[in-house]
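There are 2 protein chains.
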Amino acid sequence: MRIALCQINPTVGDVDGNAAKIAAWIGRARDTGAELAIFPELCIPGYPAEDLYLKPHFLAANVRAVERLAADLAPGITVMVGYAEPAAGGGDHRHAHNSLAVLADGEVQAVYRKNRLPNYSVFDEQRYFIPGDEGGSIDVDGAGVGLTICEDTWAPGPPGQAEADAGAQLIANPSGSPYHRGKGREREEMFGERAREYGTYLAFVNLVGGQDELVFDGQSLLFGPDGSLLARAAQFEEELLIAEVPPAAGAAAPLADPLPDLDEVYGALVLCLRDYVEKNRFGHVGLGISGGIDSALVAMLAVDALGPERVTLVVMPSPHSSDETQADARQIAHNLGTGLIEIEIEPMMDGYAAALEGVLDGLAAENIQARIRGNLMMALSNRHGWLVLTTGNKSEMSVGYATLYGDMAGGFAVIKDVPKTLVYELVERRNARAGRDLVPVAVIERPPSAELRPDQLDSDSLPDYDLLDRILEAYVEQDAGREEMVATGLPGDVVDEVIRLVDRAEYKRRQAAPGIRITPRAFGRDRRLPITNRFGG
Amino acid sequence: MRIALCQINPTVGDVDGNAAKIAAWIGRARDTGAELAIFPELCIPGYPAEDLYLKPHFLAANVRAVERLAADLAPGITVMVGYAEPAAGGGDHRHAHNSLAVLADGEVQAVYRKNRLPNYSVFDEQRYFIPGDEGGSIDVDGAGVGLTICEDTWAPGPPGQAEADAGAQLIANPSGSPYHRGKGREREEMFGERAREYGTYLAFVNLVGGQDELVFDGQSLLFGPDGSLLARAAQFEEELLIAEVPPAAGAAAPLADPLPDLDEVYGALVLCLRDYVEKNRFGHVGLGISGGIDSALVAMLAVDALGPERVTLVVMPSPHSSDETQADARQIAHNLGTGLIEIEIEPMMDGYAAALEGVLDGLAAENIQARIRGNLMMALSNRHGWLVLTTGNKSEMSVGYATLYGDMAGGFAVIKDVPKTLVYELVERRNARAGRDLVPVAVIERPPSAELRPDQLDSDSLPDYDLLDRILEAYVEQDAGREEMVATGLPGDVVDEVIRLVDRAEYKRRQAAPGIRITPRAFGRDRRLPITNRFGG
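The listed protein sequences correspond, in order, to chains W and Z.
Mapped onto the numbering used here, the consecutive letters of the first sequence carry residue numbers 22 to 558.
Mapped onto the numbering used here, the consecutive letters of the second sequence carry residue numbers 22 to 558.
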């Protein structure tokens, strides 16, 4: 049997557009002689479409799209598409199953309903879907194909095992499995084990593309009954992967190399940024650039995502900005080929100082500076229709080392899940790949500073970033408590201070722009803590 | 049997503080001769504590608190307290049950685990808890008492029915049931029906207090086996309600009158605002006041929540502000007895105009004005440690008629779930209760305007608020689609425009401050829509 793993990038809510894309890809798959085309989980409505799945008229639109696809299907090919299947039986807030429609011969031949609905981490599927309680198999050209969806195969047992026991030779696993750093290796180990347990071929067909805070990395996979990897699709790109099951003699299926670790993270950031811009129909992005490492990385990412002609960097020096950092900022714009705007903020600082005399003596002017810059970026956005990118990293977002409505002002927080230590690694790696210093070495080597007062350094207010990032990984990503952290050798006084800062900053994060998840636990839908919270740890 | 319905206001995360409060209330209940004291759902850890329930060291702390309460318990009284019970069995992301510990004679005598875990609307309990699968009963002074938690009794059948069938005479229902307008009536109908079905007494013991966006209204209830209401605790206040089961001859239990509709909404807003301020340990709040109706309402609410000495109103006129509105703003501060600060924003407007000449010709200065005001409020907050209250209503938040980082700048959005038409009603009602015009009639009668340009009126940009609010209720609260709305007589062109505006404003709402939920569907955790969303409806 020749199968097509159709790793596509749909858009949430664009039911008709997604169906049109799927129809085109069915044609391409058919042209290769494929007898089975497998599309990802929920590819008709898009995933995750969140509370759209609760709207009856949205469900109706996605059913119509499936029915039209079935009616228009040319003979000779069987197609699996994911959709939200309206569920009978009222009284419940949920009206749908997370389902797979099997299309052939002009009709919907079978429907499979996802059994295991993840409701942890970034997933809320039990909010939307009623679980199915049985497996499903179809016959394709005499071979049994078992049906599962994503989470269904992430642990041993039914439905996959039951379908294999009943004679399926291939288990299909259309998925919407979001990326985090290193997720590809986790999946390969898990799926290899599962294929061995089942004793069948196993095809994992993943979404690719960005959706708000999530990026789907593709990297669809085909395994043999012995658990060996037979095919791997590319990361962060659409791909029509064609393979024979069982493999034809002498004809190996495509086996894309996984990207090196840093390039993988970089690729995830580029794809998710590009998709946020394109799917929300922005023409252009702007960001404030300070001559520091964070805005340098975001500028690089934006240029790689969109091209330099769609990116404008804005330098907004104050009397506290050094000549060196301003020069570096200009150099980055020059190296990347972007537009550059310069606006001195001193006149506005003077305006505030004059107006506040007597009302706010001794006003700490640091936040005012950051907010003037935020206002300017938003004014440019309002005038030109730009998406403003914010440049705060995860270390800063964790401890609240950022000004709400100041440097946090913008529509998309590109590196909010990238710890500061990783920011450096990504810039150095990108410079190395370019073969030249796109970002000047001085930017990498200069001690970090917010430049909001004379001679200010991040290290005046925060622990060294190496130590900070280790504590943050334990506290934020692994839910370690104070005693656990101290037991691993982390200094108690710094741990206490970091816990205090992270907890206090919850209110700021709640008003932060969405940004790209690249770690196993990002802020946002992945870590939901109350603002009002007296636990402290 | 004499029972105590202990309607308390715990604080999320404050495990020791909550336990201390519970210990004190047990003493009070015992002093009245009560043999059974029932506390609300999850009152030890607080509810909803969100991802705190995933932290093993948080669970351990809450177990220690339960064990200490049990060990310290004086004889002669049985106590039910809600806690998060660590669950054996690894491999799952969830580590807990939503449980009830029954304490007597110095130990934990029984544990009941909630069977039905709501995972819709504002609830995510399947993210945190493993459901129990059986009922539980205890004996108190020879009478059988069946154990349930909140949702367990919201539909017929087990566990409540099974416990009743097994001989329980009273079903206890400790709850954390959040308020929305009219929820009290819904509960009374539902519980009356349930008591009749069970053929038992039924005691609903609710939390009271604010927790971020949710307000718990208390209003605990006791029903007889015929479904008749025997006792009702107050709304929005702690109360120790003592009742005899069955009722003693000639001694009626307390039956607090429910508040009239508008007073109920007002009471919910006051309590939730007060708790946000107090539980987060703010001493003082500030808000910008324009002379318009929205900031007038928020000022009233703040004074009723905190007293006038803890509230400062800030008037920030621009050249577009009329003398009338500024005079009204001053009059409101005078009538309410709050502090008042005045800052002219023209010098800062000039600063921006000078700096942006040549960069941003023809800049629409409206957003700049709003953002200057936002900056000033935040500067005052930074300087004095104030919580800044925002004053946008639900109608504006729905259609995005607000400036991000401008009038949306602040820590708590008091009336973000109050439609504009209800804003007027609440102000008029509060004036009537005061017996004088706390808010001048001119503020109520003047056509709404943002005053960001000469002669601007809301009605230049938006449909009439009566019509807008009807469309918003259908679209936002009831998930009605375009065709459904038009079929009810709403004008198609306005419906289309409102849908477009609501969908487009999702990105703004994502960065809005949290605010108080008073309708059946608020923005926030209650309505989770993607920003990237091409559905359009």
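Keep in mind that the hints were calculated from the coordinates and are not lab data.
Keep in mind that a hint or two might mislead.
Identical copies carry no separate label here, and so any pair may be met within one copy or between two of them.
Here are the computed lysine-lysine pairs in the DSSO-like style, where the Cα-Cα straight-line distance is at most 27 Å [claimed, not checked]:
#	residue 1	residue 2
1	Lys42	Lys529
2	Lys42	Lys76
3	Lys204	Lys76
4	Lys529	Lys76
To see whether the hints hold, each was checked on the structure:
Taking the shortest Cα distances, Lys42 and Lys529 never come within 27 Å of each other, neither inside one copy (40 Å) nor across copies (30 Å). Taking the shortest alpha-carbon separations for Lys42 and Lys76, only the intra-copy value of 23 Å comes in at or below 27 Å, while the best inter-copy value is 43 Å. Proximity of Lys204 to Lys76 under the C-alpha cut-off of 27 Å is restricted to the inter-copy arrangement: shortest distance 23 Å between copies versus 32 Å within a copy. For the identical chains of this complex, Lys529 and Lys76 are inter-copy neighbours only, at 22 Å across copies versus 31 Å inside a copy, given an alpha-carbon limit of 27 Å.
Going down the numbered hints, you'll see the structure goes against just number 1.
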